[in-house]
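**Student:** Each chain is listed here by its residues.
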Amino acid sequence: MRSSIVEVGGWPMTPQDQVPPQDNYEAFLERLNDATTRLTTRLRSVDKALTAVSSLVEKYQSASLKWEQRRARVSEELDHHAGGPETYAVLGELHDTAVKMVTLHHAQTLRIKEQVHFLQGQCNAIRQSLVELRASSAALNASRRLSKDRHNLNRALYELAGARGAAESTPDPGLLNDLRQAREAVVLAEALMEVKGPR
Amino acid sequence: MMQNVVTVVWWERKPGDNPAIKFVIFSVLGVMVGLIMMVFLTALRNVGAMALFTVIFAGILTVPAVVARRSFMRGLTTRINDTITEVTGGAGVGLSAKQLRHLATSGEALPLLVCGMPGLRLHVQRVLAVPDDAPEKWQAVITAVPPRAGLASFDRLLDATLKVR
Chain A
14 MRSSIVEVGG WPMTPQDQVP PQDNYEAFLE RLNDATTRLT TRLRSVDKAL TAVSSLVEKY
74 QSASLKWEQR RARVSEELDH HAGGPETYAV LGELHDTAVK MVTLHHAQTL RIKEQVHFLQ
134 GQCNAIRQSL VELRASSAAL NASRRLSKDR HNLNRALYEL AGARGAAEST PDPGLLNDLR
194 QAREAVVLAE ALMEVKGPR
Chain B
4 MMQNVVTVVW WERKPGDNPA IKFVIFSVLG VMVGLIMMVF LTALRNVGAM ALFTVIFAGI
64 LTVPAVVARR SFMRGLTTRI NDTITEVTGG AGVGLSAKQL RHLATSGEAL PLLVCGMPGL
124 RLHVQRVLAV PDDAPEKWQA VITAVPPRAG LASFDRLLDA TLKVR
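Quick mapping for you: the protein sequence lines, in order, are chains A and B.
With the first letter of the first sequence counted as 1, position 95 gets the number 108 in our numbering; the numbers rise by one all the way through.
With the first letter of the second sequence counted as 1, position 100 gets the number 103 in our numbering; the numbers rise by one all the way through.
So that you can see chain A by itself, here it is in the shape it has in the complex:
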């Protein structure tokens, strides 16, 4: 019916009227959702790993503390020493051992703590990225609704005014911007997955 009007009127139909504009959004929303799902999965495992490694740090720290107590005690015994030279030598040896143990545990605690910091950084980066993705997705959805309304309005105008109303569908000013932002968010999220992902 409408096509016959167009032919009679001789106005070419603009491609915007045939292609629904929300198709532009579909692919991007899908990519955003995909990235969000993957990051959420990643966040879950990083979170569990963080809890586990943190509890290990506690274990190493308490062990370090216990050795420190032993060292202090032996040191005290050495100070109040009133026995023979052999006892003194053995006590000194024990003291050396305790000192060695303390430094060893301390170094190990530091190394595990490094891993904790690394995981924490990852956690924060992923959270930040998720927030960006969510904002981007919300902006796209809002823009998509607006664009749909605009399209509907244009069509109503077109149909009311007949062929001469010539729907010059106004170029969507928000669309390009939103798509650019969404692309950036996706690129950032994917870069995060690649850089931080040792797999």
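Careful, some of the hints might be misleading.
Mimicking DMTMM-like on lysine to aspartate or glutamate, the simulated pairs with C-alpha atoms at most 25 Å apart in a straight line are [as the list claims (entries may be wrong)]:
#1 K113/A <-> D158/B
#2 K72/A <-> D20/B
#3 K126/A <-> E172/A
#4 K140/B <-> D60/A
#5 K126/A <-> D85/B
#6 K72/A <-> D60/A
#7 K166/B <-> D92/A
#8 K79/A <-> E89/A
#9 K113/A <-> E139/B
#10 K79/A <-> D158/B
#11 K126/A <-> D60/A
#12 K79/A <-> E90/A
#13 K166/B <-> D60/A
#14 K72/A <-> D85/B
#15 K166/B <-> E106/A
#16 K126/A <-> E81/A
#17 K166/B <-> E81/A
#18 K113/A <-> E127/A
#19 K166/B <-> D109/A
#20 K140/B <-> D20/B
#21 K79/A <-> D85/B
#22 K166/B <-> E99/A
#23 K72/A <-> D158/B
#24 K166/B <-> E89/A
#25 K79/A <-> D92/A
It should be emphasised that the hints constitute simulated quantities derived from the structure, not laboratory data.
Assemble the complex: chain A is given as a structure, and chain B must be docked to it using the hints.
**Tutor:** Positioned in the frame of chain A, the structure of chain B alone reads:
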């Protein structure tokens, strides 16, 4: 005690989901269907054909259960491996579905190294369910054990030294 246990993932398993049990049930069904079909098909009226029919019948019906179980176990392994990778910093052990099953049946612990440091262990264990007919609940947990330290030996040595005096 409890805060040292991190549950990586937990899952439930109903006894009816077991492919072996399903196969048995479908076999019984297959025998019954076969008996009914004997009335119409004379070819089925011997033991070999009957057995073949039963096995194929039950086998075909069990395939979906096997596939579902497989993909479930694969998803489970992926989730556990993801966490292991994060814990060990990438240089971790990739767990296969077979190893996971082995861990579950044997109750052994898998040691995990954090930057080369021992202390974390992965257990796959069954959570005790209260009622008998409740589905089996399993979980994969990571526990932290204190580093092996010769504290006790050190204390004994110290005591012995002080006693001598």
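**Student:** Can you give the numbers of the hints that this structure goes against, from lowest to highest?
**Tutor:** 2, 3, 9, 13, 21
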